[in-house]
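Trainee: So you can see what is in the structure, the chains are spelled out below.
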Amino acid sequence: DSGVTQTPKHLITATGQRVTLRCSPRSGDLSVYWYQQSLDQGLQFLIQYYNGEERAKGNILERFSAQQFPDLHSELNLSSLELGDSALYFCASSVGSRDSTDTQYFGPGTRLTVL
Amino acid sequence: GIQVEQSPPDLILQEGANSTLRCNFSDSVNNLQWFHQNPWGQLINLFYIPSGTKQNGRLSATTVATERYSLLYISSSQTTDSGVYFCAGAKYGNKLVFGAGTILRVKS
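Chains as they are written, first to last, in our numbering: chain A, 5 to 119; chain B, 518 to 625.
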């Protein structure tokens, strides 16, 4: 158990809908990361938050947005869902400081299926 | 951005055998990690190793930063080692770029 929690574990929804994935980082970690794992694209970095502020952005679609709250939990919002958004979404956390590198610990993931 | 190449793509071992997995980077990285994704999909951090050598039980890893590659050694493999092994790196910060993975199957 990495100490990172994600809810829900599974999510099945229809095209065009909107969903919210939730992540709680390990105790004491300030950075939260979101990754997407799909069969065709592999594991891809989406976005990082550090202590409530957006820190780095990857290949995140405009239909997707994220935020980190004062209690450091994070949410990833996916809207206007398409079949191709079906994937495993991981949240990771690290102790983090603004510019240093450190170990990322991954949550169990949320498996999203868009029908 | 950086490119990450892992080899071999697939590996089948008999229980008890040793193996070496390799990860090449197209550019220098300041952040390098190895992960194991188990059959249930969970990503488990194995090593944070931007340079040097580390060991953890039957696993060890070596990164030669100047030559932009890293190796993961698995000794005396067990069926529970099966899964996909990923390396990931970042040139700056923590924006990890993952390789395609090595699928390992250990047979009893």
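Hints in this document: simulated from the structure, not taken from any laboratory. C-beta atoms are modelled at their ideal positions from N, C-alpha and C, and glycine is treated no differently. A couple of the hints might just be wrong.
Simulated restraints on C-beta separations [claimed, not checked]:
1) A/Pro74 to B/Glu532: 46 to 52 Å
2) B/Ser593 to A/Glu79: 18 to 24 Å
3) A/Lys13 to B/Asp527: 24 to 30 Å
4) A/Leu65 to B/Asn547: 24 to 30 Å
5) B/Gly518 to A/Gln71: 22 to 28 Å
6) A/Ser42 to B/Val581: 30 to 36 Å
7) B/Asn573 to A/Thr19: 40 to 46 Å
8) B/Ile561 to A/Ser31: 35 to 41 Å
Trainee: Now, for every hint given, state plainly whether the structure supports it.
Mentor: Hints and how they fare:
no.	hint	verdict
1	A/Pro74 to B/Glu532: 46 to 52 Å	holds, 49 Å
2	B/Ser593 to A/Glu79: 18 to 24 Å	violated, 43 Å
3	A/Lys13 to B/Asp527: 24 to 30 Å	holds, 28 Å
4	A/Leu65 to B/Asn547: 24 to 30 Å	holds, 27 Å
5	B/Gly518 to A/Gln71: 22 to 28 Å	holds, 25 Å
6	A/Ser42 to B/Val581: 30 to 36 Å	holds, 31 Å
7	B/Asn573 to A/Thr19: 40 to 46 Å	holds, 44 Å
8	B/Ile561 to A/Ser31: 35 to 41 Å	violated, 19 Å
Taken one by one, the earlier hints fail for this structure at numbers 2 and 8, listed in ascending order.
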